[in-house]
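One-letter residues, chain by chain:
There are 2 protein chains.
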Amino acid sequence: MNQELILKAKELINANYISTTLSTVDKEYNVNIAVISIMEMIDDETIICARFGADLTHANLKETGKGVFLVLLTDNERTKDGIRVYVELKEDQTQGEYYDRIKKRLDQTKYCNFELKNCWVFKVTKILPVSMLKR
Amino acid sequence: MNQELILKAKELINANYISTTLSTVDKEYNVNIAVISIMEMIDDETIICARFGADLTHANLKETGKGVFLVLLTDNERTKDGIRVYVELKEDQTQGEYYDRIKKRLDQTKYCNFELKNCWVFKVTKILPVSMLKR
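Heads up: the sequence lines are chains A and B, in that order.
Be aware that the first sequence starts at 3, since it is given in the working numbering, and climbs by one per residue.
Be aware that the second sequence starts at 3, since it is given in the working numbering, and climbs by one per residue.
Hints should not be assumed to be uniformly reliable.
As the list claims (entries may be wrong) - Here are the simulated DSS-like cross-link-like pairs (lysine-lysine), alpha carbons at most 27 angstroms apart as the crow flies:
{"hint": "1", "chain 1": "A", "residue 1": "K82", "chain 2": "B", "residue 2": "K82"}
{"hint": "2", "chain 1": "B", "residue 1": "K125", "chain 2": "A", "residue 2": "K29"}
{"hint": "3", "chain 1": "A", "residue 1": "K29", "chain 2": "B", "residue 2": "K128"}
{"hint": "4", "chain 1": "A", "residue 1": "K64", "chain 2": "B", "residue 2": "K128"}
{"hint": "5", "chain 1": "A", "residue 1": "K82", "chain 2": "B", "residue 2": "K105"}
{"hint": "6", "chain 1": "B", "residue 1": "K29", "chain 2": "A", "residue 2": "K29"}
{"hint": "7", "chain 1": "B", "residue 1": "K64", "chain 2": "A", "residue 2": "K64"}
{"hint": "8", "chain 1": "B", "residue 1": "K82", "chain 2": "A", "residue 2": "K10"}
{"hint": "9", "chain 1": "A", "residue 1": "K92", "chain 2": "B", "residue 2": "K29"}
Don't read these hints as lab results, they were simulated from the structure.
Let's have the full structure, built from the sequences with the hints guiding it.
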C-alpha cells in the first residue's frame with residue numbers, strides 16, 4: 003500500500019474525529035453506516051476499535067466481516083479532505099491486550115461511562131483518498 | 003415511516019451538503035463509501051441522484067442495488083447531527099424525466115462541467131437518526 007496514504011490514514015483515524023464512520027453489510031446486502039468514536043490504527047495494517055453501542059454494525063461484522071471507515075473533514079462546507087480505509091474483521095476481543103489498550107483510550111473520553119463490550123481488531127485491506135474524481 | 007424523520011431527511015438530503023455520503027456493496031460483501039454531491043428527495047419515498055463519477059458505487063448498485071445515505075453535520079467537531087436514509091435502486095435513467103430534473107440541478111453547481119452519466123432513482127426503505135446510543 004502507498005506509504006503516503008498509510009500515514010494519512012494513521013493521522014486521521016487516530017485523531018478520532020467526530021465525523022469518522024464505519025459502513026458494514028449483512029448477508030442480504032443491507033448496508034449500514036454508523037458513527038464510530040474510539041479507534042486506533044496501531045500499525046500499517048491493523049485498526050482496533052471500541053464497541054459499546056453499534057449493535058447493527060456488530061451483527062453485520064459477525065455476519066460478513068467487511069467494512070470501510072471514512073474520515074471526512076469538510077471545514078464547515080468549504081473544502082473536503084479525508085481518507086477511506088477498507089477493513090476486514092480479524093478478531094473480536096472481550097478481553098486481552100487490544101481490549102485493554104482500547105479501554106484505556108475509551109476511559110479518557112466523554113464515553114468513559116459506557117461499558118466496553120468488544121474490541122474489534124481489523125486488518126486494513128485497502129486505503130483510498132476520499133474522491134477519485136478527475137476534472 | 004416516522005413523519006419527523008421524513009421531513010428531516012428531505013431537508014438534509016436536499017441541502018446537498020458536502021458531507022453527504024452513499025455506502026454500497028458488491029456481491030462479495032466488499033463495502034464502499036463515496037461522497038455524493040447532487041441529489042434530491044422528491045417525495046416521501048424517492049431520491050434521485052446525479053452520477054458523473056462514482057464508478058465503484060455505480061457498479062455496486064448494479065450488482066446488489068442497496069445502499070445507505072448519510073448526511074452528517076458536525077459543526078467543526080463540536081456537535082453531531084444528521085440522518086441515515088436507507089435506499090434501494092429502482093431505476094437507472096440515462097434519459098427521461100428524472101434525468102432531466104437532476105441535470106438541471108447539476109448545471110447550477112460547480113460540477114456543471116461534468117457529463118451526467120446516470121440518474122439513479124432510489125426507493126427509501128428506512129430512515130434512522132445518526133446515533134441510536136442511549137446514555
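Could you check the structure against the hints above and give me the numbers of any it violates, in ascending order?
-> none
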